[in-house]
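Protein chains: 2
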Amino acid sequence: MGSARIAGVGLTRFGSHPERTGRELFARAAAEAMEDAGVPRSDVETLNYGNYMGSIAENQGHQAPLMAEAAGVSCPATRYEEACASAGVAVREAVRAVRAGDVDVAIAGGMERMSHLETDAVTAGLATAADDLLEVKAGMTFPGAYALMARSYFETYGGTRRDLAHIASKNHENAVPNEYAQYRNRVSVDRALESPTVASPLHLFDACPITDGASAVVFVSERYADSEDVDAPVAVTGSGQGTDRMVLADREFLARTPAATRAAESAYGEAGIGPEDVDVAEVHDCFTIAEVLAIESLGFAPNGEGIAAAREGLTTADGDLPVNLSGGLKAKGHPVGATGGSQIVEVTRLLRGDHPNAEHVPDADVGVAHNAGGSVASAVVHVLEVVA
Amino acid sequence: MGSARIAGVGLTRFGSHPERTGRELFARAAAEAMEDAGVPRSDVETLNYGNYMGSIAENQGHQAPLMAEAAGVSCPATRYEEACASAGVAVREAVRAVRAGDVDVAIAGGMERMSHLETDAVTAGLATAADDLLEVKAGMTFPGAYALMARSYFETYGGTRRDLAHIASKNHENAVPNEYAQYRNRVSVDRALESPTVASPLHLFDACPITDGASAVVFVSERYADSEDVDAPVAVTGSGQGTDRMVLADREFLARTPAATRAAESAYGEAGIGPEDVDVAEVHDCFTIAEVLAIESLGFAPNGEGIAAAREGLTTADGDLPVNLSGGLKAKGHPVGATGGSQIVEVTRLLRGDHPNAEHVPDADVGVAHNAGGSVASAVVHVLEVVA
Numbered sequence: 001m002g003s004a005r006i007a008g009v010g011l012t013r014f015g016s017h018p019e020r021t022g023r024e025l026f027a028r029a030a031a032e033a034m035e036d037a038g039v040p041r042s043d044v045e046t047l048n049y050g051n052y053m054g055s056i057a058e059n060q061g062h063q064a065p066l067m068a069e070a071a072g073v074s075c076p077a078t079r080y081e082e083a084c085a086s087a088g089v090a091v092r093e094a095v096r097a098v099r100a101g102d103v104d105v106a107i108a109g110g111m112e113r114m115s116h117l118e119t120d121a122v123t124a125g126l127a128t129a130a131d132d133l134l135e136v137k138a139g140m141t142f143p144g145a146y147a148l149m150a151r152s153y154f155e156t157y158g159g160t161r162r163d164l165a166h167i168a169s170k171n172h173e174n175a176v177p178n179e180y181a182q183y184r185n186r187v188s189v190d191r192a193l194e195s196p197t198v199a200s201p202l203h204l205f206d207a208c209p210i211t212d213g214a215s216a217v218v219f220v221s222e223r224y225a226d227s228e229d230v231d232a233p234v235a236v237t238g239s240g241q242g243t244d245r246m247v248l249a250d251r252e253f254l255a256r257t258p259a260a261t262r263a264a265e266s267a268y269g270e271a272g273i274g275p276e277d278v279d280v281a282e283v284h285d286c287f288t289i290a291e292v293l294a295i296e297s298l299g300f301a302p303n304g305e306g307i308a309a310a311r312e313g314l315t316t317a318d319g320d321l322p323v324n325l326s327g328g329l330k331a332k333g334h335p336v337g338a339t340g341g342s343q344i345v346e347v348t349r350l351l352r353g354d355h356p357n358a359e360h361v362p363d364a365d366v367g368v369a370h371n372a373g374g375s376v377a378s379a380v381v382h383v384l385e386v387v388a
Numbered sequence: 001m002g003s004a005r006i007a008g009v010g011l012t013r014f015g016s017h018p019e020r021t022g023r024e025l026f027a028r029a030a031a032e033a034m035e036d037a038g039v040p041r042s043d044v045e046t047l048n049y050g051n052y053m054g055s056i057a058e059n060q061g062h063q064a065p066l067m068a069e070a071a072g073v074s075c076p077a078t079r080y081e082e083a084c085a086s087a088g089v090a091v092r093e094a095v096r097a098v099r100a101g102d103v104d105v106a107i108a109g110g111m112e113r114m115s116h117l118e119t120d121a122v123t124a125g126l127a128t129a130a131d132d133l134l135e136v137k138a139g140m141t142f143p144g145a146y147a148l149m150a151r152s153y154f155e156t157y158g159g160t161r162r163d164l165a166h167i168a169s170k171n172h173e174n175a176v177p178n179e180y181a182q183y184r185n186r187v188s189v190d191r192a193l194e195s196p197t198v199a200s201p202l203h204l205f206d207a208c209p210i211t212d213g214a215s216a217v218v219f220v221s222e223r224y225a226d227s228e229d230v231d232a233p234v235a236v237t238g239s240g241q242g243t244d245r246m247v248l249a250d251r252e253f254l255a256r257t258p259a260a261t262r263a264a265e266s267a268y269g270e271a272g273i274g275p276e277d278v279d280v281a282e283v284h285d286c287f288t289i290a291e292v293l294a295i296e297s298l299g300f301a302p303n304g305e306g307i308a309a310a311r312e313g314l315t316t317a318d319g320d321l322p323v324n325l326s327g328g329l330k331a332k333g334h335p336v337g338a339t340g341g342s343q344i345v346e347v348t349r350l351l352r353g354d355h356p357n358a359e360h361v362p363d364a365d366v367g368v369a370h371n372a373g374g375s376v377a378s379a380v381v382h383v384l385e386v387v388a
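Order-wise, the sequence lines are chains A and B.
Heads up: the first sequence begins at 1 in the UniProt record's numbering, then just goes up one per residue.
Heads up: the second sequence begins at 1 in the UniProt record's numbering, then just goes up one per residue.
Chain A with its partners taken away, still in its complex shape (with noise of 0.2 Å):
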């Protein structure tokens, strides 16, 4: 099977976009991708677009149409959505469309709108992505789904809050120079730890923001690439899927997270690589804990582990496998179905070296991208290696 080559990447800067529309976010992301790819519009066959709560935050369904108009071109187009992990199934199925010779030429990516909601109503339609049933009604946001895991976490394996601080601080700082992050300010493991409390043991600066973005990614196949004479040096190699029971309470353990590690060996075996070959990977931290169960799904540390990897230094900027250079969900924000673009977007530039951080990672030619959906009922990882 042919691999996805991607041609080029464009983001919006995430924060805080009260004044403009969702189909100008995702124009302008579509447009940088465009222009970083300089593949004429008229080439690309699908567009797949990622989107979670358009219908509940801007009274606005049937977005693919829009975006495509947005976007300048005039394929079919396909709204995904999976909650957080909405553009990680969008590029999936682009790589797959690439890949199995479909088309030649393919947009994915997403575009979320939130921060002119009042928080209470960011938080119920966040909400929509838990088992409306069992879950929300009961009472449960994911600030306190993720405290679960948290709390099942430190009892079964150990850990500290100090521990999760550790990582919100390392992402602040991987954040500094990302000129596309929310928030470019650095954070003290201390003043972490002294953030208000959200959901017992996790406080404010253990969670993401409320984000406003978009992302979008240009894949054309090697048949393209060749014959077009594109510079299209990093592929997707590996994409995988997992899924897993929505609610919480069916699950055996709340301290791992199976639809990632599904997703990794599905994404690892297609790609013919282990963790140990990965150089470089953007993970899903919307909160702290989940950058702990992410690592450890990926395989970079053992199940128990994945906790001190940031005190120890493993992941962060200098360590042997730096997470979340971008500044993560937590710092870069999570503008929640335009995410698992953004991710392909980062890690991309960090291969190709255009990156603010790929100083930390000059020999990097592997990287992994972790996009999760909800309490990690869904999940996507894609392997990005450098091929040209």
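Derived by calculation from the structure, the hints in this document are not laboratory data.
A virtual CB, placed ideally from N, CA and C, is assigned to each residue, including glycine.
Don't take every hint at face value.
Stated by the list, open to error - Only some residues are given here: those of chain A computed to face chain B with a beta carbon under 8 Å:
no., residue
1, T78
2, E82
3, R96
4, A97
5, A100
6, A129
7, S188
8, D190
9, E194
10, T243
11, M246
12, G373
With the hints as your guide, set chain B onto chain A.
Using the frame of chain A, we list chain B on its own:
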């Protein structure tokens, strides 16, 4: 490229199921499809699920993992949203995954639940499939949109409300023997004409009802069908998708649906057939005028001549090309996110000969399904053929 064989199909009865949850509805359709297929659940490798407005109607997004659980499968599961064509794109991606060799067994379908809401809330929910900024805020809802399309058609080509009433009457007649249909009562042309105005020139009996329901289709690869000795006599041999400008005011001509024309051309091209080869069709008659536009876009009648098809008998049960032998959206019902899957179910049964209306098409071996989103800003067309 191999074809995707249809091993099993399932539906709930369409209608009003306020006492049943969405997951119960989908579980039932999926169970019927799996039973029909005779394939073990452990062999299912992907679940592609269509839903339009669950986050509004049931406060439930991220439905794909829930539906995987309801269907008793533990594979990757993805939700597709393309307004009323949500299940159409879910089916299309399942077909592509099977044909590409990515998976051997896939379930695709969808679910919608709306009847527990007030009619105003349903109308407002459905209106999120139009452009919120440029149409909905100006008062546009879908009866109004299709009324404009009907007016444009009448002014350009001629045609009368009586012609449209023939379509309503035909589809109600077809629904009488269909045990899955919401309305199994006959409606005369005169009664349809006398129904109250909804948006002139469209009256109540020009419109589809508010419906709950679910659909599921089990696809298998040729390799799997052969090696596992699965009875799967019908295959999807062509799949096409088209996109158009969302806003009616931006279109050149309101009396045509070019997204459907493009989808049909792609599907026919893949299947290596033309409209003259089609024996039976299910088309997206959310309003009677939509059936006219569909059969013209599918090439069954020249532009301007589709309006007379039902009156002249071309598309009636005993005509040369029966359309909507299921009863169509008009009488069988339109559970938005399930409809594209249910059309595949109906065409499959007509081609296999186990449909209550199969006697009208005893020699049929080519069928078409046409699923549209919103005012046909998106459209999906599938060609099904008897191959074994």
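M246 of chain A was flagged as interface toward chain B. Is the shortest Cβ-Cβ separation under 8 Å?
5 Å, holds
Minimum beta-carbon distance criterion (8 Å), T78 of chain A to chain B
Holds, about 5 Å.
Identify whether the interface hint at T243 of chain A stands, where standing means a beta carbon of chain B within less than 8 Å of its own.
Cβ of T243 of chain A sits 5 Å from chain B, so the hint holds.
Hint status (Cβ of G373 of chain A to nearest Cβ of chain B, threshold 8 Å)
6 Å, holds
Please check whether A129 of chain A passes as an interface residue: C-beta within 8 Å of a C-beta belonging to chain B.
4 Å, holds
Interface hint status, A97 of chain A versus chain B (Cβ within 8 Å):
7 Å, holds
Does the CB of E194 of chain A sit less than 8 Å away from some CB of chain B?
Status violated, d = 33 Å.
Minimum beta-carbon distance criterion (8 Å), D190 of chain A to chain B
Violated: closest Cβ of chain B sits about 36 Å from D190 of chain A, beyond 8 Å.
Holds or violated: is there a CB of chain B closer than 8 Å to the CB of R96 of chain A?
6 Å, holds
With a cut-off of 8 Å on the beta carbons, see whether A100 of chain A makes it to chain B.
4 Å, holds
Return the status of the interface hint for S188 of chain A: holds when the least beta-carbon distance to chain B is below 8 Å, violated otherwise.
Check failed: Cβ of S188 of chain A comes no nearer than 35 Å to chain B, outside 8 Å.
Per the CB criterion, is E82 of chain A less than 8 Å away from chain B?
With Cβ-Cβ at 6 Å, under 8 Å, it holds.
The structure shown violates the earlier hints numbered 7, 8, 9.
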